Amino acid sequence: MSPSKNTVSSTPRDATIMLWTHPRSRSTAFERVFIHREDIECFHEPYGDSYYFGQGRVSKRFNEDHCNSHECNNATYESVTKDLINGTKGKRVFAKDMAYYLYSSSNRKLQVPMETLNKMQHTFLIRTPEKSIPSYYRLCKGDTTTFDHFDPSEAGYAELRELFDMIREYTGETPIVLDAEELVTHPKDLMKRYCEAIDLDFTPNMLEWQPSTVKQFDKWTGWHEEVQNSTGFGQYVNANKEENEEMPAIVENTIKANMEDFEYLRQFCIKL
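The sequence shown begins at 1 in this note's numbering and counts up by one.
By construction, these hints were calculated from the structure, which means they are not laboratory data.
Computed from a prediction, not measured in an experiment: that's the story for all the values here.
Ideal Cβ positions, reconstructed from N, Cα and C, are used throughout, including at glycine.
Derived DSS-like pairs: lysine-lysine, alpha-carbon spacing no greater than 27 Å straight-line:
#, residue 1, residue 2
1, K271, K131
2, K256, K131
3, K256, K60
So the derived label-pair ranges between C-beta atoms look like this:
#, residue 1, residue 2, range
4, T88, F62, 24 to 32 Å
5, I250, T88, 35 to 43 Å
6, E169, E246, 38 to 46 Å
7, T146, D14, 30 to 38 Å
8, E208, N107, 38 to 46 Å
9, T88, M247, 37 to 45 Å
Let's have the full structure, built from the sequences with the hints guiding it.
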């Protein structure tokens, strides 16, 4: 199977659409393209509830008191998966999530069985570590978010590559992969191709919206203000200029450590 050739999934046309990604990939702007569609129910990083806050949580980022008092403390991988597959409003489900949320930290075991994941339609979004990781580092300082330190293990590229390969091998199909920088340059063309692949109608007005508070984004304070205040995909990404500041060694090393996985996934990206 050619690396650059994506195949249209044979998954049922009403299957849940998963957009798997890593932090700071422009995925929230991508998600907002779908969030106001009347025929779509959007879930924003649902597995993060069980990964960070649930009783069987994997991450140790937050302390016990914080997790026990969190509204998502009762979330489990099973309950999240059930909501994703069944939906709650009788609409087709679209969910954006981090691939690393699916893995245990000790043995890299999937928290959701592949036979269950196979009931969904899987797509992927990537962005070069040279841009995503410095952006993530800035927001992990704790000035505007609830994060108080940068953790290189949350870069997410290794898990994204592993999940991509597992799905490709299990289904015999190559999932759709988009490069965020290409999406910035050709939003209309690539979003149209994406919608064709997931069996959704595309209209150019999907790329525009009114500034508003998005309820789904509330659980991650400080991470999504720019996209909430934007008026469209092009307007958001053009305004989201990264600062040209010198990064510490831990950031530079994290970039280098994730470039190979990024380049591997990039060979499968949709080509115009």
